[in-house]
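Engineer: Chain by chain, the residues:
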Amino acid sequence: MGALRFDLRDTPPEAPALRAELRAFLADHGRNWSPTVRGYSWMGFDRDFSREVAKRGWVGMTWPRTYGGGERTALERYVVLEEMLAVGAPVGAHWIGDRQSGPLILRLGTEEQRRDFLPRIVNGDLAFAIGLSEPDSGSDLASLRTRATKVPGGWRIDGRKVWTTNAHRCDFMIALLRTSPPPDPRAKHQGLSQFLVDLRSSGLTIRPILDLVGEEGFNEITFDNVFVPDSLLVGKEGNGWEQATAELAFERAGPERYLSSLPLLTAALDDLRAEPAAAETVGRLLARAGTLRQMSLAVAGMLQDGQTPAREAALVKDAGNDYEQALPETLRNLFDPDRTPAEVQEMQRVMTMVARSYSLRGGTREILRGIIARQLGLR
Amino acid sequence: MSDELRTILLEQVDRLLADNAGPDLLRANERGIWPERLWAEAEALGLPLALAPEAMGGAGLGWDDAVALWQVLGRHAAPLPLGESMVAAALLAEAGIAPPSGLIGLAVGSAPVAWGRRAGHLAVLQGREVALRAGPAGQEGRAGYARDPADAAGPGAALATGALPADAGLLAGALLNAARIAGALEAVLDMTVEYANTRKQFGRAIGGFQAVQQLLARCAGEVASAGVAAATAGRAAARRGLAGAEFEIASAKVVCGEAAGTGAEIVHQVHAAIGFTDEHALHLFTRRMWEWRDGFGAERVWARRIGAAALARGGDVLWADLTGRDER
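So the protein sequences, as listed, match chains C and G. Residue numbers for the first sequence follow full-length UniProt numbering, so the first one is 1 and each next one is one higher. Residue numbers for the second sequence follow full-length UniProt numbering, so the first one is 1 and each next one is one higher.
Hints may contain errors.
Unchecked claim - Non-contacting residues of chain G with respect to chain C, defined by C-beta distances greater than 10 Å in every case (computed):
no., residue
1, 7
2, 55
3, 141
4, 208
5, 225
Unchecked claim - So the derived label-pair ranges between C-beta atoms look like this:
no., chain 1, residue 1, chain 2, residue 2, range
6, G, 3, C, 152, 38 to 46 Å
7, C, 346, G, 109, 56 to 64 Å
8, C, 339, G, 300, 42 to 50 Å
Because the hints were derived from the structure by calculation, they are not lab data. Built from N, CA and C at the ideal position, the CB exists for glycine as well.
Sequences and hints are given; from them, build the entire structure.
Structural biologist: Below you can see the structure in the form of structure tokens.
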């Protein structure tokens, strides 16, 4: 099958001690997380919690010490991520910065950008949003129209971004913008650039959008003549598409692409002892969880080795999304309203609703399968 | 076994099968014609005893090496009972009985013995006991899906007996079938991608249609999952023995079994009518995938086992159990 390879990786030798530390920390801080908080998991936003996580060195933990990082391995970071997700911790305030904005700045940013932004992400002081989708550009991302026009000393931004998770609570976004018109309609991937945009800039308005769960999870952002200095262009002008695509390897590679609903299985397990049909269902769910975990670890190992496993990540995300999306539905068939604890039923309801987003966020199922199909050699 | 040696061995086996196996040999198997030359070549490479320790005439290969090798067999739809014979030799050796050369029929419980009629010896597993008997097996039969010879062991006197951990035969057989499914899935996916890129309808290759692409992308996810599940099980067995790898082997049998079902469904859908014919080679693979998913415990059996164990352990330790197996 093409060049897709998943070589098994072990977790690092530090894992047991790290897990013990995390489990104690999470048991302490997670005592009062509601079923809704856990159901939102990494889309949940709790800045105080993120600062506590940061204090323990678990944000930017692989980055160079020069920028406040911990110079630990990608696989140690992986252990931290999966422990957070397994209990549905509200990690949104540091998740994006740690996962993709920080690494992007580290890889392609100027020295000034690194010194300015990275230590603040590491401290949990700077929360990032992802500025990709627009009202008329979803899966067809390269058709985006929000424009950055060159002016003396910087750029002026006009247009709109939408579905930007937690933007109204964040400090900065990395926005993909059009800096020059495409040379022809088929080359729309050219002429895009990435910018660091201060979400408190003048001319920028953020309107929260209520989601179907009843939470203000995402937003519409309007740019009306918003000024961004030259110093906040990330990477190379016109190279935004390649940069953003590489970034997606980070965005799609993590354990958050199969673990989003696992807290429900954990919470429900004791109740399911009373359900005779549960053993087989639980067994199938565990077999898949263990396998997805190994696939996800294999991708993490490739990232650790400095590769960009974009296609492997797409495949694991697609398989993982199927799994995490089906889980609340599967367990629902084993619940009994008269028997199953109210908080477990509540978490199931929340996750049934939130799960719609699993196969949309970070690239829809259809887009991912298109990527996989091309990898297979289908045209 | 070192990665380098393993790669060499796998390439050797792959070449052997590419040169000597194929649809004709599979069809011959189904008519009860013994693959004489291929078996002789496999013996010349020392494969049947490869899992036995060197002191017993084997090569001391680990279960992880075995999984990689069985995956290659699966990629060629395994037109000989080599995997079964390797398992029989490994289990005899583990019970302290030197495995004889030649085909050893694997008889686990009341399950039929692949090519038992040609077996020089039989390894008969009942409960924790393994008995070495003289072959061949008694009554001739035929596997339901694969149509390969699958014979009943029948009664017989033991040449030697030994003890094994509980379920060793079932676990090793499940590992074998999971690995073969993972390999066969790779083969049918490749066949189907090639077909989709050459078969033209509405003026273009059907692989260009999104509906077909979506199906095959989903199939690729199942193929990758099966491969990782089988490899994980092999690694666990190499580290902790068969009994210590029960969770991983069970998981592999569940995931590979499910993938066999979904994968076969998709590759047949894309091949359409031509894949439904006897003439086309696709069913030589898919029928074996269905055979292997039922053999040595279907998904249901293994899922219940690990599910019941997890329920007994409780939600508080679910995640710790899932992450702790390779971190002790």
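Engineer: Indicate, hint by hint, whether the structure satisfies it.
Structural biologist: Status of each hint after checking the structure:
1. Remark: the non-interface label on residue 7(G) is consistent with the geometry, its nearest Cβ contact in chain C lying 13 Å away (cut-off 10 Å).
2. Every beta carbon of chain C lies more than 10 Å from that of residue 55(G), the smallest distance being close to 29 Å; the non-interface claim holds.
3. Listed as outside the interface, residue 141(G) is consistent with that label: its C-beta sits roughly 29 Å from the nearest C-beta of chain C, beyond the 10 Å cut-off.
4. A Cβ of chain C approaches the Cβ of residue 208(G) within 10 Å, the least distance being about 6 Å, so the stated non-interface status is violated.
5. Non-interface status of residue 225(G) relative to chain C is broken: a Cβ of that chain comes within 10 Å, the nearest being about 5 Å off.
6. Distance hint check for residue 3(G) and residue 152(C): the Cβ-Cβ separation is about 59 Å, which falls outside the suggested range of 38 to 46 Å.
7. At about 46 Å, the CB distance of residue 346(C) to residue 109(G) disagrees with the hint of 56 to 64 Å.
8. About 24 Å separates the C-beta atoms of residue 339(C) and residue 300(G), a value inconsistent with the hinted range of 42 to 50 Å.
In the structure shown, a violation is registered for the earlier hints numbered 4, 5, 6, 7 and 8, in ascending order.
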